[in-house]
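Each protein sequence line maps, in turn, to chains W and A.
With my numbering applied, the first sequence closes on residue 465, and no number is skipped along the way.
With my numbering applied, the second sequence closes on residue 906, and no number is skipped along the way.
Don't take each hint at face value.
Pairwise CB distance ranges, derived in the manner of DEER restraints [claimed, not checked]: (1) A:E613 / W:N70: 30 to 36 Å; (2) W:G421 / A:S795: 56 to 62 Å; (3) W:D190 / A:S795: 39 to 45 Å; (4) A:S795 / W:E263: 26 to 32 Å.
Taking lysine to any residue pairs in the SDA-like style, the calculated list, with each CA pair at most 25 Å apart, reads [to be verified]: (5) W:K376 / A:K891; (6) W:K244 / A:E618; (7) A:K891 / W:G84; (8) A:K889 / W:P451; (9) A:K694 / A:E668; (10) W:K444 / W:F424; (11) W:K444 / W:R342; (12) A:K898 / W:D330; (13) A:K898 / W:R420; (14) A:K890 / W:A329; (15) W:K322 / W:D379; (16) A:K837 / A:A525; (17) W:K352 / W:E365; (18) A:K898 / W:E321; (19) A:K677 / W:A243; (20) W:K322 / A:R811; (21) A:K898 / W:G84; (22) A:K878 / A:D573; (23) A:K830 / A:D794; (24) A:K896 / W:Y229; (25) A:K889 / W:A329; (26) W:K376 / A:A899; (27) A:K890 / W:R342; (28) A:K830 / A:S795; (29) A:K896 / W:K244; (30) A:K896 / W:G421; (31) W:K322 / W:R301; (32) W:K410 / W:L52; (33) A:K898 / W:V378; (34) W:K372 / A:S795; (35) A:K902 / W:K244; (36) A:K898 / W:R335; (37) W:K427 / W:E65; (38) A:K830 / A:Y860; (39) A:K830 / A:E618; (40) A:K694 / W:R226.
Derived from the structure by calculation, the hints contain no laboratory data.
For glycine and all other residues, C-beta sits at the position ideal for the given N, C-alpha and C.
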Amino acid sequence: MGGFTRLCERGGMKRRFGLILAVLLAAALRGEVPSAIAIQGAHVVAVHGPELAHGTVLIRNGLIEAVGENVPVPGDAWVINGAGLTVYPGFIDALGTWGIPAPAPPAPGRAAGAGGTPPATAQPEPRVRGPEDRPQTYAYERAADLVSPSDSRLEAARAAGFTTSATFPNRGIIEGLGALVDLAGERGRDMVVAQPIGEQIIFRVGGGGFGRSFPASLMGNIAYVRQLYLDEANYREARQIYAKNPAGNRRPEYDHALEGLSEAPRILLPAQESQQIDRILRFGRELKVPFVVYGAHEGYRSIDELKQANVPVLVSLKWPEKPKNADPADIPNERDLEMRERAPEVPGLLAKSGIAFGFYSDGIESAPDLKKALKKAVDAGLTRPDAIKALTWNTAEIYGAADRLGSIEKGKIANLTVTRGEAFDDKSTVEYVIIDGKLFEPSKELQKPAPPTGPQGKPAEGEVN
Amino acid sequence: MRRAFLILWAAAGSLFGQALLVRNTTVLTVTKGTITNGDVLVENGRIAAVGKNLSAPSGAQIVDGTGKFLMPGIIDCHSHTAIEGGVNEGTVSDSSMVNIRDVINPTDINIYRGLAGGLTVSNVLHGSANAIGGQTIVIKLRWGKTAEEMLFEGAKPGIKFALGENPKRQGYPSSFFSQGPAERRYPGTRMGVEQVIRDSFIEARNYQADWKEYRDRVARGEHPIPPRKDLRLEPLVEVLEGKRYVHAHCYRSDEILMLLRVADEMGFKIRTLQHVLEGYKVADEIARHGAGASTFSDWWSYKIEAYDATPYNAAIMTRKGVVVSLNSDSDELQRHLNLEAAKTMRYGGLSEDEALAMVTINPAKQLGIDDKVGSIEVGKSGDLVLFDRHPLDNYSKVLKTWIDGHEYFDRDKDLSERTEFARKKKELMDKEKAAAKEVTP
C-alpha cells in the first residue's frame, strides 16, 4: 500500500502504467494491494534457470507465478515496465540481526556508574562456577520470536536490495536459534520464512579472567562449547534410556540450553585468520554437527583447506581497515596490512574453487556502505554472476531453503530486487524490492553515500561495558 | 583413533626433508661427550650416524661446520608461546577443562624467533592464575606448519597446577586482580589452594568410580543412564592413571612440601615443579618424590614469595639428584636459553655438559621425550642447532636450526630476505595511503 502511494506520487510512473492506472487506483481506494504484479520486458537474472534479456516476471499471492520471455500478463496484474530494469532474486544477508529491534538504551541510573568505578551499592555478578552454570547461553531463544517490522534498520536494508536475512539473536556465546526472515511484514510472525536454521556461536574473549566469569579465554570458550555438545549427546541418550526404563533410573534433569542445541540443524562457527579457520574446521568436525564458518577474511590463505573440508563459508562484509585514529607512529604488522589489502579477494577465490559461500552484513547497515562493500569484492575478482549467486541462491542453499528462496522460479516466494542499471555499478539504484509479493520503492535518499564532511553521528555517551 | 594415527603418520612423513650431513664440526652431543671435527648425518628425520668422515647420500643437504658448534635442539620446559586468546582461564579455581592444544597459534612470530635462538621444543603451559589450570601440550617449532603438525608426536600431555600468590590473588579482598564485575573467586589463601587441589581429586576419584560402576552394570546386562562426560574431571583421572603429567608452578618450600604430600595422599605424581625458587631448601624431598625441577637461572624478587632465592638453585638441586632444567616463561628469554644454561657454570660450578643438559636432555627427561630428543645420538630426532661459537659463549649466534632434519632457520637466508620483506611491506603501506587519499578529497 505504501509503495503504491509513493508510486502514484511520481508523474513519470503514472505515464508508464498507462491504461491500467485506473484499475489500480480503484484497487487502492478499496484499500487493497494488487493481486498480481508483472514486471515486463526486464533483464531477468533468475540465478537458477536461464537469464532473460527481455523477460517477464509475474507474481501473485506472494509467490512467483511465472517467469519467461512470453509470459501472458493477466488483466488484473499491475504492470511495471521493465525497460532499463534488472530483476534479481531478493538479496539475503547470510548472518545478522536485522529484524530484531535494538534493545532500549540503558537506564540513566546504570549509565551513571560507567565512569570506571561502579557505584558503591552495586552487587557483583554471581560468579559462574563452570560449564554447568551454562554461562552466556541462550540456545533456547528464537530469533523467530524476537523479530518485528518495527526494527528501524529494515528500510536501509531494503534500500540496499536485501529482502531477507538469516537473523540470529546477538547475545552470549550460544546465541540462540536463528531464522530466515523477510525484511518486511505487518507483524513479526509474517516475516519468518524458516526456523530454526541454526545456532550461532560467538567466542567472547577478553580480560584473562581477572574479575570476570567463566569463560574468558578462547580456550575456555572452546572447552565450554565442547562440554555443551557432550552434554547434549548425553542428554539425548539419557532421555532415550529413561523413556524405555524409567524404573530404577533417576530422571534426566531438564535443560533448555541443550534442548535448543538439539533442535539446531547446523551451527555457525567464527574464524577470521588462517589458523582460526584451521582450528574451527577441526573443532566443527569434532562436534559432529553440520557447521558453517563465518568471518573468513584471511581465507585467501586457506582456500585448499576450505575446499577439502567442504564446509560453507559466510564472508563478512566488514572488510578489515586501518584502525581509525591509529597512532601515526605505529608501524602496522605486515600480516594485518596484507589482510586489509587482500580480504576482498576471498569471495572471488572461494567462487573459483567452487566453495559455497554467502555474504553477511556484520554490522554494516547503510545502503551505500553495503553496496560499497559488495563492490569491493567484485573489484577484487569476484564475477558479477557469482556475486549475485552468493547473495541469493548460495545463501538460501546453505540454510536449506533453496526450495523456496534464492532464485526466480515458478512457485518460489516472491522476493525480488529490482535495480535500474546492474547491481554493484556506481550509478545503479535499487528501484524496487518485492518481499512476499509486496512492492516497496526504497528511498533514493537512503542510497546516497554520506557526504565526506567530518565525523557522522553523535559521540558515544555513557557507554557501559 | 587408528585413522588419526595414520593421518599423523602421513603428516610426519611429509615433515622430513632431504637427508642432512653436517661436516667437520664440534659436536656437543651432551650425553656422549664432545667430538671435534665430527660429522652428523640425519636421514628420514632421524640421526643416522654420528662420527667422523661420514659420507652423504645423494641429494643430501651438506653443511660445512668447520670452526662451528653443533648441539641438540634447545628444549624449553615452561613456555607460553603461540597461545591465542589468553594464557589463563583464570575465572575458576580449577580450569582443567581447557586445553592449550585448542589454541596453539602456529603463525605466532615468536615461534620463528625461538628458532633463531636454537629452540626446537616447547612445553606450552596454561598460566598460573588458578590452583588447577588447563591442559598443556608439547610442540616442535615447525614454523610454517599447522597447529596439529606442530604437536610433538608421542609426548605425553600435561596439566598446569599453581600454588601461592597467583592462584589466591583473585580471592583476596583488596587485590587488583579481584576487581571486576564478578564476585571474588575462591580461594583467597594458600590453604585454600591446597584444598582446591584435594577437592578436585576427590571428585575425580568419585567420577572414576561412577564410570566403573556404569560399565559394570552394562556388563551385567542392565540399562543404566551413562554418567555425564566431564571435561574438567577427565584430565584429572588421567593424572591419577599416570597418563598425564603435572607441571606445578610454585615458589615457597612449605608449599612445595604441601603439594608433594597432597600428591602422595591422592595417589599421583608431580612430574615437574616449575619456577621452584626455594627448591634448594627441599631438594632431597623433591628428589625422593621423583619430581623434576624447572627453574630460572637468576631471576627473582619480582614478588614477595620470590625473594628467598639464589642463582645456585639449579646447581644445588642437581647435586641433590633432582633432574633440573632452566626455562624461559617468556617469548624473549626463550631466544637465548643457551646463555641461561651457561650461568650454572658461574653459579654452582656445573660442567659444560651439565650446563647444556639444563636446556636439552634434562627438560627432555622431564617431559618424557628423552628417548626422542635432547642429545645428539643415533636414532633420535634430527633436531640440531649450529652455532658460530660455543653455545655457552656470550657472543655465540645461531646459524642454522633443524627439526627432524628439516631446516627451519638459517641466519644468512634471514638476513638476505629482509630487504625484500621491507619492500613488500612498504608497498602495502603505500597502497593503503594512496587509497585513503582517494576517499578523502
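Hints and how they fare:
1. A:E613 / W:N70: 30 to 36 Å: Check failed, 58 Å falls outside 30 to 36 Å.
2. W:G421 / A:S795: 56 to 62 Å: Roughly 59 Å apart at Cβ, these two residues keep to the hinted range, so it holds.
3. W:D190 / A:S795: 39 to 45 Å: violated (60 Å)
4. A:S795 / W:E263: 26 to 32 Å: Given about 47 Å between the Cβ atoms, the range is violated.
5. W:K376 / A:K891: Distance of about 22 Å is within 25 Å: holds.
6. W:K244 / A:E618: violated (44 Å)
7. A:K891 / W:G84: Status violated; Cα separation ~45 Å.
8. A:K889 / W:P451: violated (34 Å)
9. A:K694 / A:E668: holds (13 Å)
10. W:K444 / W:F424: holds (15 Å)
11. W:K444 / W:R342: violated (31 Å)
12. A:K898 / W:D330: holds (14 Å)
13. A:K898 / W:R420: violated (34 Å)
14. A:K890 / W:A329: With Cα atoms ~16 Å apart, K890 of chain A and A329 of chain W stay inside 25 Å; holds.
15. W:K322 / W:D379: Cα-Cα ~19 Å, so holds.
16. A:K837 / A:A525: holds (22 Å)
17. W:K352 / W:E365: violated (28 Å)
18. A:K898 / W:E321: holds (12 Å)
19. A:K677 / W:A243: holds (24 Å)
20. W:K322 / A:R811: violated (50 Å)
21. A:K898 / W:G84: violated (38 Å)
22. A:K878 / A:D573: holds (20 Å)
23. A:K830 / A:D794: The given pair, whose Cα atoms are some 18 Å apart, holds under the 25 Å limit.
24. A:K896 / W:Y229: Distance of about 45 Å is beyond 25 Å: violated.
25. A:K889 / W:A329: holds (19 Å)
26. W:K376 / A:A899: With a Cα-Cα distance of about 16 Å, the restraint between K376 of chain W and A899 of chain A holds, given a limit of 25 Å.
27. A:K890 / W:R342: holds (13 Å)
28. A:K830 / A:S795: holds (21 Å)
29. A:K896 / W:K244: Measuring from Cα to Cα gives roughly 67 Å; hence the hint is violated.
30. A:K896 / W:G421: Judged against 25 Å, a Cα distance of about 30 Å means the pair is violated.
31. W:K322 / W:R301: holds (20 Å)
32. W:K410 / W:L52: holds (15 Å)
33. A:K898 / W:V378: Holds, at about 21 Å.
34. W:K372 / A:S795: violated (44 Å)
35. A:K902 / W:K244: violated (71 Å)
36. A:K898 / W:R335: At roughly 16 Å apart (the allowed maximum being 25 Å), R335 of chain W and K898 of chain A satisfy the hint.
37. W:K427 / W:E65: With Cα atoms ~31 Å apart, K427 of chain W and E65 of chain W exceed 25 Å; violated.
38. A:K830 / A:Y860: violated (28 Å)
39. A:K830 / A:E618: holds (15 Å)
40. A:K694 / W:R226: holds (11 Å)
Checked against the numbered hints above, the structure breaks hints 1, 3, 4, 6, 7, 8, 11, 13, 17, 20, 21, 24, 29, 30, 34, 35, 37, 38 and satisfies the rest.
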